[in-house]
Amino acid sequence: MNTQSEGVEGPQSIPALLHRNASEFADAPAYREKEYGIWQSWSWRETLEEVEALALGLVDLGAREGDFVAVIGRNRPRLYWAMIAAEMVGAVPVPLYQDAVAEEMAYVLNHCGARFVIAGDQEQVDKVIEIQEQLPEFEQMIYLDPRGLRKYDHARLHQYSHVQDVGRAKRDELTPEITARQARLTYDSTCVMLYTSGTTGKPKGVVLSNRNVIETSRSSSEFDDLRQTDSVLAYLPMAWVGDFIFSVGQAMWTGFCTNCPESAETMHTDLREIGPTYYFAPPRVFETQLTNVMIRMEDAGRFKKWLFDRCMAHARKVGPAILDGRRVNQWDRFKYNLGEILIYGPLKNTLGFSRIRVGYTAGEAIGPEIFDFYRSLGINLKQLYGQTEATVFITAQPDGEVRSDTVGVSCPGVELKIAENGEVFYRSPGVFVEYYKNPESTADTKDAEGWVATGDAGFIEEGSGHLRIIDRAKDVGQMADGSLFAPKYVENKLKFFPNILEAVVFGNGRDACTSFINIDLTAVGNWAERNNIGYASYQELARHPQVMDTIQAHVEEVNASVAEDDMLSGCQVHRFVVLHKELDADDGELTRTRKVRRRIIEEKYADIIAALYDGSKSVSTTTEVTYEDGRKGSISATLEVRDAAVQVVSRKMAAE
Amino acid sequence: MLDQTEGYTTADGRKIGGVVMEMKNITLRFGGVEAIKDISFDIREGEIRAIIGPNGAGKSSMLNVISGFYVPQDGEVWYKGSRRPPMKPYEIARQGIARTFQNIALFEGMSVLDNVMTGRLTHMHTGIWRQAIWRGKAEAEETANREVAEKIIDFLEIQAIRKTPVARLPYGLKKRVELARALAAEPSLLLLDEPMAGMNVEEKEDMSRFVLDVNDEFGTTIALIEHDMGVVMDLSDRVVVMDYGKKIGDGTPDEVRNNQDVIDAYLGVAHD
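For the record, the sequence lines run as chains Y and V. Read in order, the letters of the first sequence correspond to residues 1 to 656 in this note's numbering. Read in order, the letters of the second sequence correspond to residues 1 to 272 in this note's numbering.
Honestly, the hints are just simulated from the structure, not real lab data. Heads up, some of the hints might be wrong.
[Unchecked claim] Taking lysine-lysine pairs in the DSBU-like style, the calculated list, with each CA pair at most 30 Å apart, reads:
no.	chain 1	residue 1	chain 2	residue 2
1	Y	Lys34	Y	Lys348
2	Y	Lys34	V	Lys137
3	Y	Lys305	Y	Lys317
4	Y	Lys304	V	Lys246
5	V	Lys80	Y	Lys151
6	V	Lys174	Y	Lys34
Pulled out of the complex, with its shape left as it was, chain V reads as follows:
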């Protein structure tokens, strides 16, 4: 149904490219617990890919495998055409992968702007001595990076809180700041761990719009985990459904919605 080598065109006319990341038979164990059992799927360039499933299905573990934080015991992760060896987090960041966290991980005491600037860290190359002397190259670099950060602040409409310490912000805005920091790294693959968790309807609508705009404006490939089915079905191009560490469905939102295994997993099965 889906062309495995070429890309495809979405219902709203967006062109989706070739495979960016491919998971091949991933199995992840924590001691005796098998969090992920033999899962394979791919993420294509420019698409919004969702991973859904009931609580404890292994979604966050899966995202951590994608981000490289967990190394699976079995299986291979292919990124941009080559097999990815185990890496340190900063090496992964340099490869163009950025993420947000389920339980907001910002620097609470720092201003929004400073937090967003930390997202630029992988793009700063001047050494500690040049930074100390400041004038010249370090300053020029800071200015260039500040410009990128400001464009993202403008994009996410958080100008009014630019100088506000993160600790003083409400939850919904913190989530947006976290997205801003991830975007500041100018990632080619953006991972969002429950971007709408704990938000009210209005905040969810805002966040959905930002996710779509990011994908649209920067062409960023996005993989996200989300609980809110309505949001997932509206946002994503393709959905992977997990249950008890296994993949039980994979396809467009419509296909997934009509998949009997998925319906059973979410609504439960009568034991007769």
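Okay, chain Y solo, but in the shape it has when bound:
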């Protein structure tokens, strides 16, 4: 053990980092949460006290070293503390997705054999109680928000603050115990276990050691020059590795402040109030914000609209160059500064981006227009590429080398390798320990030398050394004529249109590509309102002939752009339908991180796919849907199948 830890300086576990921060940054804010309309704040010193109280309480409840402690709820300081407290007592925190339905939760809780569950509120407590019969190892549950829980049987249920009170009361007796336990934590003990959402099959528990988390946090913090005075908004699911690294790993390493919004709905208001300096959001969030800005500008007066258009045009021209520190002539620079006063500054303020030094997006490809929009405003938005198994960071874009079509260069300490079939492999200090109780999968993913398969196909661009990702390796296939089939590439191009929320392209092994499309209700609904088109439901709007025409135009535009790429010109969409319902994680069609589950969609909508390929003009179908409370219902609809024009030139090229 000691030989492995050699050469490592400083604290070797998250609790050790907390102790360091509590003495070094003592009164600096560590956590903030908006509650009762006011930002409540805790310093590092106070945080340590709170975490210790909970850890002592956990020991009193019988928490043992090596136990698993599940944490379920929205982002709240007390739940982050719960994870650190679990580490303090030598247990392993397992954050779960709060919107998971009871059966999904049962699988994970059973798989890790969690003895303790720390839940945010009544909703989560109810879910666990519903499935507790299936959980032989489950013993105690601790809840945060007592609302509605007063009359529950408290034999195995405890209020968070009461556990802390007990811990404080027994401080003298139990402190030696948790001190000893913390001393036993090493660089190689498990820091956290995160379940990957899994685009296929059951979720897998990714075990990350202190080494993984701390090394990654250290190198990535240095990469972006993160400082103790930075602040982040923690609003992404706690079960997601990114949130763990940003809000726990890097926060602990650099000592910056983690801010939790009041509720999911107030996120944008809270973002504006906090004005984070370091920000992460999936492309979808940026897309939604841009759509909202554009919709509101449509409603603005004529002068404001004109000014906005003028300024944005200029920003697109010189904004990215100024951000990258390249030479820009004085007159353009002056005009940009004027724009900053009139438009960019106020706009950034409205969006809550005034203070951003480093902003990241990842998870999906981001539309070039969207990406450039934010960068031209002077927001240092960058892309990174990573996964849970790598403790997030594989590649990231350094300042000054930011483009929308690559995911950047390998992060410090990361080695990259492209296999013959195009799959990307990496090796780094962040590479996960194992999949919990799943040695076969571990062996499949990670070889003896520590190289991990990403499952993504990509290539390293000559000259710049940037990595470009094409698609999931297993989704990349061949068309019947032998040309390359990369569905995601086409789907992303489709999704860059604000009217299209989601697209699924089919065509592996067939002679032509076809597509399912989901319209974006916000954008299309707004357009409908402007054009006096009445609609009663998503379904009705989705099959409106004018909407179909618009989508057809988008598909044809994408076809033209796909045709330009020699390699992928075979992937033009010949026929498409606009689906009668939004693809939804509750129906199993998307993962909780909103990635398309192809197999499931192919099975579920086999009748529609058949219609796409047999040349029929329409198809009638009935689809089962699951409501948020778990009840099931069904939607019936007749969908119009449309043909889209394809670029004939490229077909010849592909056939050659």
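Assemble the complex: chain Y is given as a structure, and chain V must be docked to it using the hints.
Chain V alone, transformed into the frame defined by chain Y:
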């Protein structure tokens, strides 16, 4: 069947206390129209009491008698053990009775927070001069009241619209804001006039949950009028049924459901 002096225990195990308000032989006339004819019933501490009936049965008139807005020509209203004389609305509010209205009566131009704060008015005691000087007692009082208002905003999950002018809110949320304002007064008796009227299923479910939570969390006694029978039967502990100004039934939801007069009133009687 029901113990008239002691309380009783509900099916879900809640303890209901003694009588808070008692209506004794109430008759209310508007000119020649008898809106309420000789009705008696009581409301007990901690219970959810519903008043139902077909259109024009006199439910809203009854609620207005409870709230003290109408003074009945005959009969007595007993509140917390003493007979209640005719009162001004603000005096009634000070006695711990708050209400919501069938046709939302909020200050449309004011924010949600300000509307909720108006519910705290009976709890503010500093005079106009102190308010004008502001620093000191008035400020401390405002802070304390704001805290209560914020807890209610949190309770009803309307944080996201805290600063939104009420006029911009959809109907379902306005109803919730009205409930928030009534709760801000920390009433011991809460009167709800058709809290679910015009709502969709989801909004009704939300509102039902809030009504139950209010009763559960603050122990507030609730009297409500409602049209949606499903909601009434699920929510309330005891139900008074009215028809043409008369009381035709009184008891637990099950008793009322099987009462022949009630069935006749709702489904109509064949004239043979």
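Checked hints:
With a C-alpha separation of about 22 Å, the suggested pairing of lysine 34/Y with lysine 348/Y holds against the 30 Å cut-off. Between lysine 34/Y and lysine 137/V, the direct Cα distance comes to roughly 26 Å. Compliance with the 30 Å bound is thereby established for this hinted pair. Distance restraint check for lysine 305/Y and lysine 317/Y: the Cα-Cα separation of roughly 18 Å lies within the 30 Å cut-off, and the hinted pair is therefore satisfied. The hinted pair formed by lysine 304/Y and lysine 246/V fails the criterion: a straight-line CA distance of about 63 Å is larger than 30 Å.
Using a Cα cut-off of 30 Å, the hinted pair lysine 80/V and lysine 151/Y holds, with the two alpha carbons roughly 28 Å apart. Proposed proximity of lysine 174/V and lysine 34/Y is supported: the alpha carbons are some 24 Å apart, at most 30 Å.
Consistency note: the structure conflicts with earlier hint 4 alone.
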